[in-house]
Each structure stands twice: as structure tokens, then as C-alpha cells.
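Here are the chains, one letter per residue:
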Amino acid sequence: MKYAYYPGCSLEKNSAAYDVSVRAVADVLGIQLVEIDDWNCCGATEFFSQDELVACSVVARNLALVEPQLNQVVAPCAACYLNLKKVDQLMVEHPRMNAHINEALAAGGLKYQAGRVRVRHLLDVIVADIGEAAVRDKVVRPLSGLRVAPYYGCQWVRPMDGVDNPEYPMKMDELFKWLGAEVVDYPVKAHCCGGHMTQISEPQAFELIRRLLQNAVDYEADLILCMCPMCQLNMDGYQNRVNHFFGLNFNVPIVFFTQMLGVAFGLDFSKLGFGKELVAAKPVIQAKLGAA
Amino acid sequence: MSKPKGKLALYWAASCGGCEIAVLQLDAKILDVAEAFDIVFWPVAVDAKVRDVERMADGEIDVCLFNGAIRTSEQEYMAQLLRRKSKVLVAFGSCSHEGGIPAIANLNNKNEIFQTSYRDTPSTENPNGVYPQPETQVPEGTLHLPVFYDTVRTLDQTVPVDYYLPGCPPEADRIWDAITAILENKLPAAGTVLGDDTTVCDTCPRKRSEKKIKEFKRTWQVIPDAETCLLEQGLLCCGIATRAGCGALCPQVNSPCIGCYGPNNGVQDYGARLMAALASVIDANSPDEIQRIIEQGIPDPIGSFYRFSLAHSLLRRKKLAKAGE
Amino acid sequence: MVTHQGHKHSSKFLAEVIANTPGGERMVHCLQCGSCGGSCPSGADMQYTPRALFAMINADRRDEVLSANTMWSCVSCYFCTTRCPQKVPITEIMYTLKRLAIRDGMAKGEDAPALAKTFTDLVEKYGRAYEVGIALFYLGLKKPMSALRAGPMGVSMFLRGRMAILPQKIRQVEQLQAIIKKAREIGGAA
Amino acid sequence: MSEPFEPKIVGFLCNWCSYRAADLAGSARIKHAPNVRIIRVMCSGRVDPTFVLKALALGADGVMVAGCHPGECHYLEQNYKAMRRFHMLKHALQAMGVDDQRVRLVWASAAEGQQLADAIDQLVEDVRRLGPLNWPANWQEDAQRLKALEKIAHEHAEAMEVLS
Amino acid sequence: MAERVGVYVCHCGSNIAGMVDVEEVARWAGANLKDVVVARDYKFMCSSLGQAMIEEDIKKEKLTRVVVGACSPHLHEKTFRRACQNAGMNPYLCQMTNLREHVSWVSVDRKLATEKAKALVSASVERVKRQAPLEPMYVKVNPATLVIGGGIAGLQATLELADAGYHVYLVEREPSIGGHMAQFDKTFPTLDCSACILTPKMSEVGQHENVTLLTYAEVEEVSGSVGNFKVKIRKKARSVIYQKCTGCGICSEKCPRKVVDDVFEAGMGTRKAIYTPFPQAVPRVPVIDRASCIWFERQKCGACKKLCPTDAIDFDQQDEVIEVEVGNIIAATGWKMFDCKRIPQYGYGRLANVYTSLEFERLCNAAGPTGGKIVLRDGKTEPKEVAIIHCVGSRDVKYNEHCSAICCMAALKFGHLVLEKTQAKVYSFYIDMRTNQKGYEEFYQRLLEEGMVFVRGKVAEVTDAARKPSEQGKLIVQFEDTLLGKQQRIPVDMVILMGALEPQADAKEFGLKLGISCSMAGWYTERHPKLDPVATMTDGVFVAGACQGAKDIPASVAQGAAAAARVQGMITKGKVMIEPIVASIDEESCSGCRICNTMCPYNAIEFDPEKEVSRVITALCKGCGTCVASCPAGVITGAHFNNDQIFAEIEGILWDAAASPHGNGSAAAKPQPTAASL
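Residue numbers (the working numbering), protein chains in the order written: chain A, 63 to 354; chain B, 325 to 649; chain C, 2 to 191; chain D, 10 to 173; chain E, 0 to 677.
Rather than coming from a laboratory, the hints here were simulated on the basis of the structure.
Since this is a predicted model, take the numbers as computed values, not measurements.
Glycine included, C-beta positions come from ideal geometry on N, C-alpha and C.
Treat the hints with caution; some may be incorrect.
To be verified - With the Cβ distance kept under 8 Å, some of the chain C side facing chain E (calculated, not the full set):
#1 S11
#2 K13
#3 F14
#4 S40
#5 R52
#6 P86
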């Protein structure tokens, strides 16, 4: 199976672990990812606060660059995923917007036919397109005994309908049951990590991060699985500062779901980007699963 | 027979000529015709000229069987002439009745037709783009060709018609019935179509049940079952809407009715009847699904619904680019 | 098939917000139920909840709305949008309010516009996001204390190879810039 | 033309929903374009494509067919039949060169006076933009025909004189 | 012979004359329209003077047709038809056209409005000339009635009719009548014990000589029409012989198989495999739930059969389909509860102590699983704080757009019961308090006095994710207090979800059987929302109770009684008039193509396989005309809406359009341009 691949800026550097593990598990599962040539930043939420048409056009450039023979693009970052999907849908539903965006694209010699590219998240591709049997088939090191807390965040499940339940998503839960893990069913799994608030209002952001970590700890999770670089950065990168701010001592490793998928597939830790997280994950994993 | 012989005329306008042959299908009965009538005008068989007709007194011809639609000024002239000289004018065959096959050209105009016929067809060599002209100057004087109209008309859109004998061509026994009626002076009220007041299904031996159509099929897509109604097998059979009189010839040989006998009594638009009936039994309620069934199954709606009757339809022709605005 | 046209908005500002938001016409259906304000992760920090803001929009209190901190507290989690019983696209309306506030210079005292500006300027320049740039130009200038506190974290990130000192640049950055320029010319409204 | 073009549109409205919606538009004094002239039928399912063709052939510039919303037909499901026929008719009209915008199917419940008025305004506006349809002009080649016929008659008359 | 048409244009005071030049319309019609012999305008055509004028003209001028241009025919068609009839003219030769609602009231330009009025009058004149005299038809009304649904609305209707001396067949899907009301403990606002007021009605129905009670039965097929319906009813196999059973209850007592009762107990309690849903059930005859019974599982046990003192158990009993004949039908099929799991953020199904309102009804019912004690799912802990959430699945376009009408009051009732029976604090989270019937607002005031806490705000989520120690182990309700404009969290022990009232899942499908239609949401559509609330568009079929829209007990009872009164009216009259607007098929010309056979949802078209023709059963035809439009041969005629009439109307309405006369059809062509010299 062949998909266009839109890594997004975060995966280049600050979440390189996500990128390498995505590529590694895709390889194992026979998912062929063709990186969009010369893709640009999706603009996160920042362009949308300033000029909607600019925001959409910046996103649409990436859609326009998807190779003509491919009609699906995989974006591992939830924010990129939402932006790509939102702009495509906007273009389908609002002809005027569509015309304007294409007018802007034309200034760069590009055009995009609304609805041509279906935007997917890797989690959805693995669960829906690859499926249980094929995934189970690749498991060499079941994650039994490891209590994982799937964390979905916001922008994969909201506001777009249809991929998973926007209030109580289950796709990652399902996937990790196939891998043999003990899946922690905790209530805040689709609550907010604070997003860019860490840059704007730390007290506000830290409280949101604290709630997530607290709930996961209350439910005795060994580690939290992420599907978005921003969530990982907020919970992992800022965990120490959150501890400091509230006088707490969380020590919950935050990893990308693809990293643990790689572990279950028997891939080497070093090939999955482990060690880049600030709260070390390897000791916890090895303690539960035994040294690889 | 002590009665003096009647006078019969036949004429061939825009049509294929099949109607002329249909008259010959009367076989031996043609002798009875000859006995009853003097054939005073029949360009294909009798050496009488237009000027002979022009010389006749008005109403001198007892019966004129006129086949073919009206496409040129010459045909219109002849229609008017024969109308004036005949007591009874019969629109003979689909073309004069409803426009027939020639009227499908109402989907185009004169220029498009000329372009195709005199330039674009692969067998045509016409580098200078010479098209027929109503008048051409030659050293000997002016040559005339009839004016070619944009729109094909039926006979009754040109002159008043007394009776209609439908069919492409009309069936021999129907022709004989008509002639007998004329001979015995048992003609029905003027304006009558000489056929049955019901549709082809009435004479079709196939088994019919309730209809629900999920897909319209083209004839090449299926080998139809010989017992069941062709429409129920998805074939676009026009028998439901077509006047009976042919004896359901086509369906009997596994071929769907194409509608040459035209509409039933009182019907204003033949194609609309087919459209209404067929659409009604489409087995879908979602607009997208309905659209899909129609667009996939009926790529050429006019050819399918108005194969013989476009000129006779309410709209008569495709919108003419120059009209209106 | 029948479209609903010509709704008369007594509030000019309401009409303006609707005109600038795809799907914004749902706003007239707001029941003032507060499921947005109740759902918002930043709800406790807001001067006005989104619901209150909608009441103010209805009352045509433009200046008060555009100088509120509500939209700047929005983290785009879309809980309000999916929970709204009347399908009001609340998050999108927050973006609209941010745009109007920036355009009209009403966003004084907010950090978010500066962050957004820094972020997008860098993207416009390089085609990709540039975190160190953001740290320098936004945190460094705007929130030096915060930058300082974040320092150790930055170092840890850097040591783990999670920070790039130099920006990544796309090849066809001129193409992107041309697109952005054109989009700005056309004008941003929906 | 000095007078502005006022489209003539025939509306076939079902007795139970759309005709009552038009009544409601009236009692609520919802002003709308006066160009749609209403013919009442019991159900949109009664609307025969012939009616639409007839109206166009007589010179109407547009036609509206209106019924209850799908699933709310007072005769249970007959408006679905109207929908099927309408799609079929549109398919044919397209082939005949009638602009899609001129013939419209509208659903309006008895409570939707405003919506029906909006739909009427929309249709009138669209048809006004398209201009007159004037369908009968499509086959009126009278000047050319008459001239040609006179010519033939004249020539034949000359020839007859020569011969006699 | 040419018709003689009279045209009457009404001023309606200034209602029409203010925007339409009515004098001009009348003058124009008289001068220009063929066959019009009288054309008048008048101030108020519907007044007795106006009618008298028409009647006089009919007699004096020997009018054969009348056209009235006035208001909507839905208002005054009957009036003018009657006037014509008084003057000896067949009422169907009078045609009304709507110059008020469709012209004057919606126009702004007097000239254009007058043009439109002319077109409408012209259309009516052309049409009316082709109208034919019609005679209304009458059928006798069978005095028996079918009531579908044994809830409070159906029971009320049944008793009203039975007490009046008419026979009623009452069909109920469940093993007992009683409906949802039987599940309740108290009823608002008077707090009557639900059972105390309901069970007497139930037993009255059970014993009434005029009632044939068919429980555990469903209507399968309805044919016929007003006055004479034939109804097929499937009596599901009870596995208990009705005539032999004494209702002693030994079988249920001894049955070893206990299952969760999802229906009556809303999942809160259990029942046996052989059971009556509740002790006061009517009839007392139990049923065996074959899906749970050990005998039907593996042919073992048979305890009930062994122990039954009257040998009433019959494992081999089969479903039985009976046919009854009735003149009228009342549908009182009720409602179902919204599936609260569809809103995951409220935690129902995930968080144990989140209850639906129906569950709570059972919880506080003295005859319920806890004996009326309000306790948590553990069966013993009394809650200290209870939150009641309104509008769960109501007033929400993602689920149900409507207001469920009863939840505010039921929430008040729950609040009262909790306050009365426990020490708990009770919160009500509402969007708008709707207490708009007699005694309701007073009840609200009473609860305010009793200390129920009212918070204006739709709850955002219910969670067990504690943020601080005080929230540990609690259900936290998060919301915006919209009156304060602040986001808040309140920890509670119990949450009650006031789930929406929804149409029955099979309402649409069942409506088709009865020939009645549903709104988009699935509520049955009444003939008129204000003026004819229990009749439907199908004559002889009435609706009552919550199947027509969410409503409370008093409203359901009122509708039950109203429907019964309508039926009694029909029975007393003895016959019903059927509008003669029906289709007919010319059998001579019908080719039997069978296109029309699937057109009629009322099965009014039958195919005669002998003659190979289709035929319209006049009594079943409702006159929609769909078959007329479908006939490919054009041999179906719709009375009063036939092709000639509509074609004429189209020609008339386009009198000023561009068309030339049309030489179509088989008639001889109309004049065409001809070469003059020939």
C-alpha cells in the first residue's frame, strides 16, 4: 500500500523519534510512504489567527504537491492532519474559498482539485487498512504486562467526524490490545495537552498537563502513548517544569505509539528513536518486558 | 364494380423509402387497389409529373398517401399542393406522422448537418468547404436547389391531415385495412390514427409482473430471457407507451420495441410518457442513486425516448442557438 | 434544496462575524446553554466564556468582544465545537475573532498575536517552522523570564538532538512566498 | 426592449405541503417575486413531465415543481416518484439544450412559507439572469420558408405558362 | 354547446383590492376570455350577499361554470361549492383561484400583481370549462375500532369507546397493558401514585365486555379504508393457554431461570423466563420468553408445566394470525427513550452511578428492585449529592432537535423524591425551565422552597477524573454556570440523565402499514397541528399520545379521549363521504403493462390476470394522481385533475406567453403559414 507522506516540521527535529519510528513500523507493515517533495509547514494554528486565506493557501500547497498518482496522504502530526483535512473539506464545501485558494496557488504555478487527496492519520491507516490480523502477525514481542495509556489529544478526533469517537476514541486502545498490552481506559485520553499555551501562559498550560499526568498515574499507567508531537513535547519536555511548578514528582515516560509498535514488532530500541525523550522510557519498558 | 374508379396519389418526402416498399407488401392485393383506383401520381412507379398534379382541379384526387417528413421547401410545396388537390390526405408512416428518424436531426441545425455531411465524414473530400446553395449561377443561368430547413416537421405541422397510418413502415394488413375502409367508405372521424387504442404490451406474449428497475441495460449487455417482459430484464422496451398495431413484432424476436407506432390516443408527448413511466419504477429513493441509474443506463435520452417522434414532441427540437435572444 | 436567505441580524457585529466564518450562520441558533464554556480546558481562565461572548456579539458589543482574552485562551481542542448542541463552529469563530482583533489592533496586551506573527514570519521566510527562531524572537524578546526558565529544558532538548540551531529551508521558498502574497492580495475573508 | 424582462414561470405545487407553504407565505406577508404562477395538483407525484414540456413549449421561461419533503409526503412516498421523474426529465432537457437552472424541484413543508418564498425568488433571479427562453422561436423559420415557397410557386407558374 | 362561465373577483375588503386592480381583472376577463358571460368584482365574495350574487347569476344567466378569484381554496372552496350547489350546479364545476395569499399579500408592484391575477383567472376559466360534474361517494362505517398501543393514551381511548357501547380491539406488543406509566412511581405535579390511578383503568379495560384485549400481539397488515378496514394481527405464542390460566403465579415463582428485565425494569431488576412484567399486569396471564427459557434451550426443566394447577402451559403453541374488521383505527404507539450511551461525555454505561431517567423511575418505585430506596448501584449507599441533567439528547441538533416536553417536570419530581427520601443535596442542570401547564410552575416554586439547587447550564461532561482530593471517588459534573459566566465542577454521587423522548424505532415502517406519514424525526403527522390534532391525512386513522410528539400524561389522556370522540362521531354518523377525486383506468385501452402496479402505496391498483388489465379499487384510492402521471399509455384518468384540465390550465396561465398555437396531437393541424399564391 502506497501513501503520500507529510512528516511536518516537528518530525524533522524535535520529534525525530516519531519520524524514525513511523518509517520503521510502516516498513514492517508494508506501508509505503512517499514523502511529499519540498513540503512546507502547515502553519499550525498560527496562520489561522491572522489571515484565513493565507492559512489555507499555505496548507493547500502541500496538497497540490501530492503526486498525481497518489490519492491519500498520511500525516502523523495531529495538527498537520487537521489542517490538511480542514482545508480540503473547506475547499469542497465552499466554492468561493476553493476558487480563492486556487487563485493563490496559481501564483506559484500550482493547482489543487478539492477532494482529490484523502487525508489520513497513520493510526487510522494501521487499524483500518492494515487490520488486526496483519498487525498481530508481526508481533514478536507482545507487550504483556505493560500498562499503556493511549493519549489521543484533540485534533485527530475533533472536530472532524467519522474516524473515531470524538469524545471517547478507542482506535489506539484496540491496536494496543492486539499487541498484548494492558490498555489503561482512563477518562482524559482525549482531553487537551495545552497546545501552544506553553508559549503563552505557562500556569494555564501546566495545569492542563498536570491533569493528564495525574489521571494517567491515578490509573496506574506505566507510560503514555502519543500520536502528536505537540502532546509529546508538552507532557515530556515540560514534565519537569510541571513537577517544579506544582511541587509534584511525576515520572511518566511519554512515547509515540509508533515507538511501542516497533518494540512489539521486535525492532531495536535505537532504531525507534528511544533516548530522545526527557523522561526515559527504556528502563520502564525493560522492567516490564525484560531486556531485549 | 359499377362505381367509377377513384384517384390515388402517393408521395415520398423526407424518408428512407421503406414506406413505398411497404405498399408493395400488399402482394396480390395491390391488384385490388389497381382495380379500385387510378394511380394518378406516384413518382417512384408512375410516370406523372408535378405539373400534372398542378393542373388537376382542387380535390380531384380521392386519396393521397403521403410518406416522409418535411425537411425542405420542395417537400413543403408538395405537401401543400397534394393537400389542395386531395379529398383525403393520409400521413403514411412514422416520418410523416411524427417526423421519424429524419427528425432526430432536430438535435442539430442546418449548418451542423451540412458540416457533417459535406465536410466531416471520412469519405468526403471537400477541401474548399462547398455546401449546397439554394441558388447557383452557371453560364446557362441559375440553378435551384430546395431550401434546407433547420427543423424537420411532421406533415400535420405543415398542412392539415385527415388520417394517420403509423409505423416504420406501416404493416401491410394495416394498410389494407385502411384501403378497405376508404373503399367501403367506412372511415372513422377525421384526425384518427388508424391503429389500436392500446399499446404494444397488449399484443406482446411475454409475461409481465410488477416492475422495479435497478439498472437500465443496453441490448448488447444481455441475452434476454424469451418469456419475461423485456423491460423487467432492464431493457429499454418502448412497448409500454407505443400504440399497438404492429403485432409486437420486435419483442417477439427478443428485440425491444423502439416505438415506431408512436403514442396512444390523447397523448401529447410520446417521450414524456416513456420518461414518466420508466422513472416511476426506478427502484431508488436517493437523488444520487437515481441520477446514477438514469445517466448510466440512458446515455442518449432523446434517441431513446424520441427515436421516431422528436418533430412531433412538444419541444420539437433542441434549442436552436440563434433562436430567442 | 431551499436555502435560507436574508436572515435579518439586528447586530451588525453578529453579521460581520458570520460573514467571516465558514458555517458561521449557525451562530443564530445559539441557546446560551454554556456547553462550550463548560467544556473549555481554558474555561477557568477566561474573562468571558465563549457563551458570554456570543451574548455580547448578539448585543453588538464589538469593542468589548474584540478586546476580550477569550479567543486568545483558545487551545483549539474543538471540544466546544463537537459538543455544541446547535452545531455552532465555535473554534472557527474564535479564529475569526482573533483575526478581527489583530486587524483592528484590539489585541493589545496579548502574547499570542506576537507568537503567531513570529511563527508565521519564520515560515514565510524559510517554508518550515523554526523553533530556535521562535525562542529567540518571541520568548527572548517578549518573555525573557520564561525563556530563562525554559533554558534547562532547551538544553536537554538540544542534547537529545531535538533542537535544530539552523532553520530548515524548503527549495522553492519563492513559490510559497508568491502564493502567500497572492492570498493576501485576494483578502482573507471566508 | 425598454420593459425589463419579467420571467413567466409556471409552478406546480402539491395541495398538502407546498401549496400550503405558498398560502403561509401569503398570510405571513412574505413578499416575493410575482413571476411564478401556481397550478395546484394533489401531489407532486401527479406532475407529469408532459406538464413541464407543455409549459416550456408554450413559452414559459421556467418551471417549478414543489412537493413535501422526502419522507413527509402526504401520500407517503409519492414525492419520491416525482423526484425520479424530475431527474429523468432534467436528463432529457439537458440534451434538448434547456438550461438546468430553468426547471427546479423544490421541497417545502406547509410550515416553510419563508423557504418557498426564498426558492421562488432564487428561481426568478436565476431565470432573469438567463433571459427569455422563447421556445417557440426555435422552429419559426417563417420568413425564409415563405420566400422559398413563393419562389417555387412562381417558377412552376412560369413553367406552366410556357407549356400551355 | 359552449359553456357559460361566470367569473367573480373578490376585493376581500382591501386585502386583495389594495394590491390588485380587481375591477380591471374582472373587466378583462369578461372582455377577453372565451365563454365568459358574466364577470364581476365584489367587496366580500364569501359574504352571504356575495354568495347570493353567484347563485342568482347561475339561475338568471344560466351559468354552467363558476370561477371565483379570492383567497386560498383551503379556506373557502367549500363555501363556494355549496353556493353553486344551492343554485343547482354540481359543486365540482366551481373553481377557485387564490388571488390573496398567492398574489396580493406577497406582491409589492400593483401592475405585476394584476398581471399575475389575470393569468390565474385565465387558467381557472380554461380549466373549469373542462371540469366534469362529480358525485361524492359514501361508505358505511363499521362501529368496531382498533386501538394500537396499551399505554395511557390507548387505554383512555379504549375506555371512552367501550363505555359508549362500541367494540374495541386493543392491541399491545408487550405481555401487559400499562405502557411507560406503569413503570413510574409518582406523577407530576400532584405526586399521585402512578399505579393507584393507572391500575384501575387497566383492570377496567381487562374486564370490559366491549373490549377484546390482544396483548403480546402486533398489527401485521392493514388493508381497506375508512369505515371498513381489515386488520391482520399476529398473536405471538405465549406458551400459556389463555383460557386455562388463572394467573395464580406459581409458574413464575418456581421458574429457575432469572434474567435481567430490560423492558419494564429498564435493566434495574430481574424477571423469570415465564413472567408477567409486574404484579398488577393485565392480563394476569404470563408469557414464556422463549429466548431465555431452559425448555426451549435444551428441552429440560418444564417446572412450570409440571406445577401448573390448570395445565395451562403449552410449549408447542404457535403464533396465531387473526383478522378483524374495524371502521376506524387509533394509533397510540408511544415513545422510546434516547440511548444515553450516544453521549459518551456523560459516562452512561461506563460510570456506574450515572442513571437514565427511566432507571431512576424504577429505582424510586416502591414496587421496584430496591423497594423504592434511592441507593447507588452497590445497592446500599445512599447518595449525598445528586445531579440531574436536563436535555440529554433533546434540543440538540446532533440527536433530536425537539424539546422532550416532560423532562423539566420529571426532573422536579425526581428532585422532590430524592429530597423526600434521602438527605442528599439535589442539583438540576437546565437550559430553560419549562413548566407551562396547570400546576407546573407552582410545583417548580415548591421545589425551590424544598431546596433543590437549580443551575442554568448544559453539563459539559461527567467524569471520574479527579483534579483535587475533594473530587476523589466522586462523579464530577463540569459545566458553565451561565448565570455567573463561570466554569465550575461539582462532585456528586449520582447523576440522572433526563434522556429525550424519541419516536419508536419502527414508527416510520409502522406508519406505512397504517398509511400515515411521519415528520423527519419520526413523529406521526397530524392532519392539522392546531385545528385537527388527532386526525391524520388518512381518513379513519387517528393518533393519540406520544407517538404524535413528546407529551406528558395529561396531554396523552386528552388526546386519547379526543381520538375516541372523533371515532364516535364517525360511528354515530354511520357513513363517510369520500371525495370523488379518484383515479380510474380505461380497461379497454389498458395493455396490462403493469407500470402502475407499484405506484400506489395504498394498494388501490390491482391487476386482473384473467383480462390482463390493471384496475383501480375506488374505495382505496386517495386521489394523489401518481399513477395517472406514470401510465405510459395515458389511459389512467384522475378525476378533477385529468390531463385535459391541467393542460388547459397551463394554456390559460400562459395566455400572454410567446407561444403560437400548437399543431400537435392527432387532431388536424391548426393553421400554418402557407404560400399565398398557391
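How the hints compare with the structure:
Look at C/S11: its Cβ only gets to about 21 Å from chain E, farther than 8 Å, so that hint breaks. The criterion of a C-beta within 8 Å of any C-beta in chain E is not met by C/K13, whose closest approach is roughly 24 Å, and the hint is violated. Here the hint on C/F14 is broken, as its CB sits about 19 Å from the closest CB of chain E, past 8 Å. About 4 Å separates the beta-carbon of C/S40 from the nearest beta-carbon of chain E, less than 8 Å, and the hint is met.
Interface hint at C/R52: satisfied, since its Cβ lies 6 Å from the closest Cβ of chain E, which is below the 8 Å cut-off. For the restraint placing C/P86 at the interface with chain E, the shortest Cβ-Cβ distance is roughly 4 Å, inside the 8 Å limit, so the hint holds.
Consistency with the previously given hints fails for numbers 1, 2 and 3, ordered from lowest to highest.
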